[in-house]
Amino acid sequence: ATTAQDELKRFVDGVQTLQADFTQIQVDDRGKQLSMTSGHMWLSRPGKFRWSYQKPYQQLMVCDGKKIWFYDNDLSQVTVRPVDATLRGTPADLLSQKATLSDGFNIEDGGMDGGNRLIRLKPKSQDSDFKAIELWLGAGGAPTRMKFLDQLGGNTDVSFSQIVTNKKIDDAQFRFTPPKGVEVIDGAAQ
Amino acid sequence: CAGMVRKNEPKTAEDHWDVRSEQLQKIDRFLMQARGSYGRLVPVKTDLRWQQNADGSFDLRVAGPFGIGATTITGTPDNVQVRSRGNTYQSNNPEQWIQDKMGWTLPLAGLRFWILGMPSPHSDADIDLDREGRVLTLEQDGWTLNYTEYQKAGSHQLPRKFDVSNSDVKLKIVVDSWNDLP
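In the order they appear, the protein sequences are chains A and B. Heads up: the first sequence runs through residues 9 to 198, numbered per this note's numbering. Heads up: the second sequence runs through residues 961 to 1142, numbered per this note's numbering.
Watch out, some of these pointers could steer you wrong.
Chain A is faced by these chain B residues, among others (derived, beta-carbon under 10 angstroms) [to be verified]: (1) 971; (2) 989; (3) 993; (4) 995; (5) 1067; (6) 1134.
Sample of chain A residues with no beta-carbon within 10 angstroms of chain B, all distances over it, derived [to be verified]: (7) 20; (8) 75; (9) 112; (10) 123.
Chain A stretches covered by chain B per the calculated footprint, using a threshold of three residues with CB under 8 angstroms from any CB of chain B [said to hold, decoys possible]: (11) 33–47; (12) 65–72; (13) 159–167.
Please keep in mind that the hints were generated in silico from the structure rather than gathered at the bench. All C-beta atoms, glycine included, are put in the ideal place defined by N, C-alpha and C.
Kindly generate the complete structure, drawing on both the sequences and the hints.
Dropping the structure here:
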């Protein structure tokens, strides 16, 4: 049987591009639902992703591998920052990494779960934003679900559907031009 | 009974405000779920969840995308417990604690009233009203509030978009929902 590392490797090596619909449910440490959002995501290794929330509000995260843009339509504000600690360990950062994640995480095998392979990633660093990250890999190594256990005992559970892997994605998806008249805040210039 | 007949002189903004502020003062509990950004200081979208309880205590949760940096501040304006990154702190001066930790602070005592679109009753405030007697701008305790949009919430008109700023912090807020109103 393949080990967790093999599965993870199959994912990192086998899935070069990925796009899917997602639904994200956030609960607090008492299991009370805090929010439910949904949208679409695109990813292209190494390091590029587009995470677009469509409901109940519109928000966008775009990363070209060097910079990350956050755009909130209602706040009519764009913040842009260099790719650094901001999103270390988030689905976007995790999914687009080239490395097999073993440098930043201890990898635990969660065995089979509903036809998917559960892999638990425990951050090695003490001050990580997450206690653990759970990754369910389906056939061909594509992720079907990701769960982020935050430091307060709550979690953010992202499930993917309409998953398409290794289809060419236009590079323009990973570029972002702030709309006219929207305030742009450059986080790097702090 | 002439007293009964009010000539229909136009209701001034102040008249509307008198009625409105009385109603707002009765709101002793609510659940506000919002998104905010602190501009230059924390240029990442933040989820803001403020549960105000009738006994004057509150549960405030702030978290970035995917729950990054999730922090809760619970208690009363002068005694709070802060939980962040798996640690718990106690403080009788939450605004100072946040300032020391984050380098900026949140006027929690004032915000409890400002997010409803009214000044805090604990100090003087300058307010400008719109024609319907809703607060457009508010200055209090060294902070300036600009309300750009209101929304229906139960029987009330409560803020949907506003910003809170002082000389070094600007917090922009969009309120997605108001619940648990009396």
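Hint by hint, here is what the structure shows:
| no. | hint | verdict |
| --- | --- | --- |
| 1 | 971 | violated (31 angstroms) |
| 2 | 989 | violated (17 angstroms) |
| 3 | 993 | holds (7 angstroms) |
| 4 | 995 | holds (6 angstroms) |
| 5 | 1067 | violated (20 angstroms) |
| 6 | 1134 | holds (4 angstroms) |
| 7 | 20 | holds (20 angstroms) |
| 8 | 75 | holds (12 angstroms) |
| 9 | 112 | holds (15 angstroms) |
| 10 | 123 | holds (25 angstroms) |
| 11 | 33–47 | holds (count 4) |
| 12 | 65–72 | holds (count 3) |
| 13 | 159–167 | holds (count 6) |
In the structure shown, a violation is registered for the earlier hints numbered 1, 2 and 5, in ascending order.
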